[in-house]
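Asks: Let the sequences and hints guide you as you build the complete structure.
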Amino acid sequence: MRERLGEVVEQGGFGYHTTVGHMIEAFCAWSARRHGWEPDPDLVVANASVLQGSGRAWRPLPSRPAP
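In this note's numbering, the protein residues as written are -10 to 56.
Heads up, a few of these hints could be off.
[To be verified] Using C-beta positions, here's what the derived DEER-type ranges look like:
1) GLU(-8) to MET12: 26 to 34 Å
2) PRO51 to ARG22: 31 to 39 Å
3) GLY25 to PRO51: 25 to 33 Å
4) GLU(-4) to ALA35: 18 to 26 Å
5) ALA55 to LEU32: 30 to 38 Å
None of these hints come from the bench; they were simulated from the model.
Every residue, glycine too, gets a C-beta built ideally from N, C-alpha and C.
Replies: Structure below.
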């Protein structure tokens, strides 16, 4: 059990998908069909949850200096 757990930890297997290329391709194709919007697949980031996506969306925003 310890050995196998160590292998999973080394691979980063924590319940999230690591191969999301096909999902990104499907999303881009759906966006083009449904909305006429063709996002660049290289700029699309897959998220496991809304919370994770929100955190990623807010991260690039510059922080305001304290008043």
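Asks: Given a hinted range of 25 to 33 Å, is it respected by the beta-carbon distance of GLY25 and PRO51?
Replies: 32 Å, holds
Asks: 18 to 26 Å was suggested as the range; check whether the CB atoms of GLU(-4) and ALA35 agree with it.
Replies: Given a distance of about 24 Å, which is inside 18 to 26 Å, the answer is holds.
Asks: Within 26 to 34 Å or not, the Cβ separation of GLU(-8) and MET12?
Replies: 31 Å, holds
Asks: Lying within 31 to 39 Å: is that true of the beta-carbon distance PRO51 to ARG22?
Replies: Hint holds: Cβ distance 35 Å, inside 31 to 39 Å.
Asks: Given the hint of 30 to 38 Å, check if ALA55 and LEU32 actually sit that far apart at their C-beta atoms.
Replies: 32 Å, holds
Hint check: no violations occur; every hint is consistent with the structure.
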